[in-house]
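Turn these sequences into a full structure, and let the hints guide you.
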Amino acid sequence: MDGFPSSPPMLSRDATEPPSSSSPPVFSSDGPMEDADAENYAQRRSKRKYKGPWYEKSAFDNGEGSSQPAAKKSKFTRNFDSGVFMPSDEDLPSTQETNHDLVPSKIKTVPTYEERIVQHKLSWFPKHNPDESFTEATVKELVRNNECNFRLDFLKPAQEDLQCLTELNKIIKLPLDPGIRAPGEYYYRSMAPQLFLDLSNNDLKRMPPSVFDIEYLTDLIFRNNGLEVLPDRIVNLEHLRTLDLSNNNLSYLPYELLGPMMDGFKPRLAGNPLMQCEGIVSDEVRTKCKGPSALVYYDEAGRPLNWTSKSECHEHSKAPSLFALSLAKSMNTYSIEDIRDELDDEMPPEVSTALDTAERNVEEYGSPLRICFECGREFVMVKAEWTQWYPIGGGTPLPFKQQLCSLGCVPSRVTEQHQAS
Amino acid sequence: MAEKQLSEYVTLVSSDGFEFRILRSAACIAKTVQKALDPAYGFKEDQENKMTLSNINGVVLEKVCEYLYYNQKYAKAKDVPDPDIPPELCLELLIAADYLQC
Numbered sequence: 000m001d002g003f004p005s006s007p008p009m010l011s012r013d014a015t016e017p018p019s020s021s022s023p024p025v026f027s028s029d030g031p032m033e034d035a036d037a038e039n040y041a042q043r044r045s046k047r048k049y050k051g052p053w054y055e056k057s058a059f060d061n062g063e064g065s066s067q068p069a070a071k072k073s074k075f076t077r078n079f080d081s082g083v084f085m086p087s088d089e090d091l092p093s094t095q096e097t098n099h100d101l102v103p104s105k106i107k108t109v110p111t112y113e114e115r116i117v118q119h120k121l122s123w124f125p126k127h128n129p130d131e132s133f134t135e136a137t138v139k140e141l142v143r144n145n146e147c148n149f150r151l152d153f154l155k156p157a158q159e160d161l162q163c164l165t166e167l168n169k170i171i172k173l174p175l176d177p178g179i180r181a182p183g184e185y186y187y188r189s190m191a192p193q194l195f196l197d198l199s200n201n202d203l204k205r206m207p208p209s210v211f212d213i214e215y216l217t218d219l220i221f222r223n224n225g226l227e228v229l230p231d232r233i234v235n236l237e238h239l240r241t242l243d244l245s246n247n248n249l250s251y252l253p254y255e256l257l258g259p260m261m262d263g264f265k266p267r268l269a270g271n272p273l274m275q276c277e278g279i280v281s282d283e284v285r286t287k288c289k290g291p292s293a294l295v296y297y298d299e300a301g302r303p304l305n306w307t308s309k310s311e312c313h314e315h316s317k318a319p320s321l322f323a324l325s326l327a328k329s330m331n332t333y334s335i336e337d338i339r340d341e342l343d344d345e346m347p348p349e350v351s352t353a354l355d356t357a358e359r360n361v362e363e364y365g366s367p368l369r370i371c372f373e374c375g376r377e378f379v380m381v382k383a384e385w386t387q388w389y390p391i392g393g394g395t396p397l398p399f400k401q402q403l404c405s406l407g408c409v410p411s412r413v414t415e416q417h418q419a420s
Numbered sequence: 000m001a002e003k004q005l006s007e008y009v010t011l012v013s014s015d016g017f018e019f020r021i022l023r024s025a026a027c028i029a030k031t032v033q034k035a036l037d038p039a040y041g042f043k044e045d046q047e048n049k050m051t052l053s054n055i056n057g058v059v060l061e062k063v064c065e066y067l068y069y070n071q072k073y074a075k076a077k078d079v080p081d082p083d084i085p086p087e088l089c090l091e092l093l094i095a096a097d098y099l100q101c
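Chains as they are written, first to last, in numbering that gives the first Met the number 0: chain U, 0 to 420; chain H, 0 to 101.
By construction, these hints were calculated from the structure, which means they are not laboratory data.
You may find that some hints are simply not true.
To be verified - Computed cross-link-like contacts, DSS-like style, restricted to lysine-lysine with a CA-CA straight-line distance of at most 30 Å:
#1 K72/H / K317/U
#2 K75/H / K317/U
#3 K155/U / K72/H
#4 K75/H / K400/U
#5 K49/H / K317/U
Unchecked claim - For the chain U half of the interface with chain H, some residues (derived, Cβ under 7 Å), not all of them:
#6 A41
#7 L321
#8 L324
#9 S325
#10 L326
What the hints assert, rightly or not - Have a look at the derived ranges for each label pair, beta carbon to beta carbon:
#11 K204/U / A76/H: 34 to 42 Å
#12 K30/H / S334/U: 29 to 37 Å
#13 K30/H / M346/U: 14 to 22 Å
#14 R188/U / P86/H: 42 to 50 Å
#15 K77/H / R188/U: 42 to 50 Å
#16 S24/H / H238/U: 47 to 55 Å
#17 S53/H / M260/U: 52 to 60 Å
#18 G258/U / G57/H: 43 to 51 Å
#19 K77/H / G301/U: 23 to 31 Å
#20 K30/H / N148/U: 54 to 62 Å
It should be emphasised that the depicted structure is a prediction, and the values quoted were computed from it without experimental measurement.
From the three backbone atoms N, C-alpha and C, an ideal C-beta is built for every residue, glycine too.
Take a look at the structure:
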């Protein structure tokens with residue numbers, strides 16, 4: 000330790016940091032000076048390499064002389080957590096779990112909640128934070144690891160816990176490492192990930208609105224949840240390829256889904272109490288579609304309207320009502336609570352009902368306003384609805400319910416069919 | 000009994016005294032106005048062809064009249080544009096629309 004140069008030795012580094020698995024630093028200097036001659040300048044002169052920090056160089060010079068220190072074979076020890084989960088065979092979760100495919104052909108023995116937690120904890124511990132639920136911690140941890148598979152079944156999260164699913168938009172598909180070779184064409188791929196989200200067996204009566212904000216969601220598994228309404232915003236997920244809605248409580252599908260399903264998109268709908276087509280299914284129905292069910296109109300307060308004459312019920316102004324227009328504008332300008340506070344003492348019952356509907360829309364669709372399929376306007380209250388059955392790919396006709404913003408929005412083909420029946 | 004000739008225009012009066020003379024056909028889009036002016040019921044409004052709306056002020060009533068003409072114009076149209084609703088008036092218009100049933 001007597002040969003220290005004047006500059007400060009970096010002792011603190013070794014003292015605080017955990018032992019590193021990388022090889023010790025290598026420094027070099029000019030080779031033995033006896034070779035440095037004006038006559039042998041053409042000969043290769045090797046640099047002299049020193050293992051270890053630069054300030055120990057003098058020690059080598061003093062001790063071993065000019066001989067190069069042999070590179071010590073470093074023993075690979077690892078006594079700190081690398082963050083990589085390498086389970087032994089006993090630790091591995093059941094093979095069913097690891098080979099969990101998208102379409103389980105047979106009924107599997109699903110793990111219980113506790114087992115699932117144990118499995119989650121086997122791979123990593125979500126950092127405990129009293130403000131966060133287990134679901135939130137799980138999602139955040141998976142996002143941090145840039146995972147593409149989100150298995151959140153059996154977690155039984157509350158609706159507000161699933162707000163954090165918007166975090167999934169942060170995930171990117173990492174570019175491939177071509178190593179030392181020049182990257183071929185294959186390496187220039189899109190960074191858009193393919194996200195898999197499993198929310199099965201979670202008792203979710205409504206689909207969390209945050210799901211519809213995940214741009215690159217390709218697989219959504221939503222089995223055994225008691226879902227009653229499939230929001231029309233599902234069509235916003237344009238990268239969605241697999242949608243599993245088996246064993247839910249759906250009685251109809253949104254009309255918006257008809258287009259994608261005609262183009263070959265096939266959600267799994269087994270085990271849903273879908274409304275059956277009344278009457279005998281004729282061949283004509285099999286090939287085309289069943290006429291609409293009863294066309295129901297609603298007034299401003301959401302009560303079904305009873306029409307005295309048939310002609311009356313098919314003549315409506317194409318212009319939206321002032322009530323609907325100002326309601327939509329109010330929703331865009333103020334929050335629902337603000338409107339309630341503002342109109343506290345003079346709230347007409349119709350407005351009160353409309354605000355209740357808006358709150359339900361927030362829960363079911365993620366926004367107080369829905370978009371009318373026919374005219375594209377934003378609306379709160381459904382004013383007209385009917386169901387139509389379409390056979391998709393020659394199968395049993397499936398019910399599609401269309402809900403529109405005003406009486407005038409009902410297309411004439413529907414009113415004509417309705418009048419004829 | 001001779002059928003009484005209905006006037007072409009009717010007057011809507013706001014709470015602060017503004018009077019708006021608009022087409023009867025447009026005014027009757029609002030069902031409350033339609034019922035008040037219906038000769039079958041014989042209200043005072045029908046005889047005077049004038050309806051006073053004591054809970055709607057002039058600024059809002061002007062917008063309402065604009066809307067009534069808008070509705071009449073586009074009742075049979077295919078592509079209906081959105082009318083301009085000022086955000087500061089939307090809550091008052093909501094209450095007015097609820098009252099007038101339009």
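ask   = Is K155/U within 30 Å of K72/H, Cα to Cα?
value = 54 Å, violated
task = Evaluate the given range 34 to 42 Å for the C-beta pair formed by K204/U and A76/H.
result = 41 Å, holds
request  = Confirm or reject the claim that S24/H and H238/U have a C-beta distance inside 47 to 55 Å.
outcome  = 51 Å, holds
ask   = That 29 to 37 Å hint for K30/H and S334/U (C-beta), does it hold up?
value = Roughly 30 Å apart at Cβ, these two residues keep to the hinted range, so it holds.
ask   = Taking 52 to 60 Å as the hint, is the beta-carbon distance of S53/H and M260/U inside that range?
value = 54 Å, holds
task = State, for the Cβ atoms of K77/H and G301/U, whether the hinted interval 23 to 31 Å holds or is violated.
result = Between K77/H and G301/U, where Cβ atoms are some 28 Å apart, the hint holds.
inquiry  = Verify the CB-CB distance for G258/U and G57/H against the hinted window 43 to 51 Å.
reply    = 47 Å, holds
ask   = Is it true that the CA of K75/H sits at most 30 Å from the CA of K400/U?
value = Distance ~26 Å between K75/H and K400/U Cα, so the pair holds.
ask   = Given the hint that K49/H pairs with K317/U, does the C-alpha gap stay at or below 30 Å?
value = 28 Å, holds
ask   = Once the shortest beta carbon distance from L326/U to chain H is found, is it less than 7 Å?
value = Since chain H brings a Cβ to about 6 Å from L326/U, closer than 7 Å, the hint holds.
ask   = Honestly, do K30/H and M346/U meet the 14 to 22 Å range at C-beta?
value = 20 Å, holds
ask   = Should the interface hint for L324/U be scored as holding, given a Cβ-Cβ cut-off of 7 Å against chain H?
value = Holds - the Cβ of L324/U comes within 7 Å of chain H, reaching about 6 Å at its closest.
When each numbered hint is compared with the structure, violations occur for hints 3, 6.
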